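Student: Sequences are here, hints too, so could you generate the full structure?
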Amino acid sequence: MNPDSQELRSRAIETTMAQFDFAKVSAAAAAVGWNISTRPHHLGDVPLPDEMREIARGLLEKAWDDEEAQACEYCHGGLRASRIDGCLSLQFVIEEAYFVTAVDAADQIT
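Numbering (my numbering), first residue to last: 1 to 110.
Bear in mind the hints are in silico, worked out from the structure with no lab data behind them.
On a predicted model such as this, the values are computed, not experimentally measured, just so you know.
Not one of these hints is a red herring.
List time: in silico DMTMM-like cross-link candidates among lysine to aspartate or glutamate, alpha-carbon distance up to 25 Å:
1. K24 to E61
2. K62 to E96
3. K62 to D21
4. K62 to E73
Tutor: What follows is the structure, given as structure tokens:
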């Protein structure tokens, strides 16, 4: 990675992290009883904002560095980092549903 692209990567990740309200997400996580099962030392606890930041940074780095895909997303425990055509985003997802045409439509035919 050349210095300009490394600087852009750093700026993209830092800007996204700065714009994300981890305190608000922590409050929402507490309200819905969200926890991360990969935290055995705090089993059942809502992650602290600093723990969420650490997870989010890792997800954002993976999304930015995945040069093989034009669009990608990485998720862990409700946090989702995605990159689509140079746009990096971070979300806290509580609930979602999918319909995947190639899979779901074929299941309905058989």
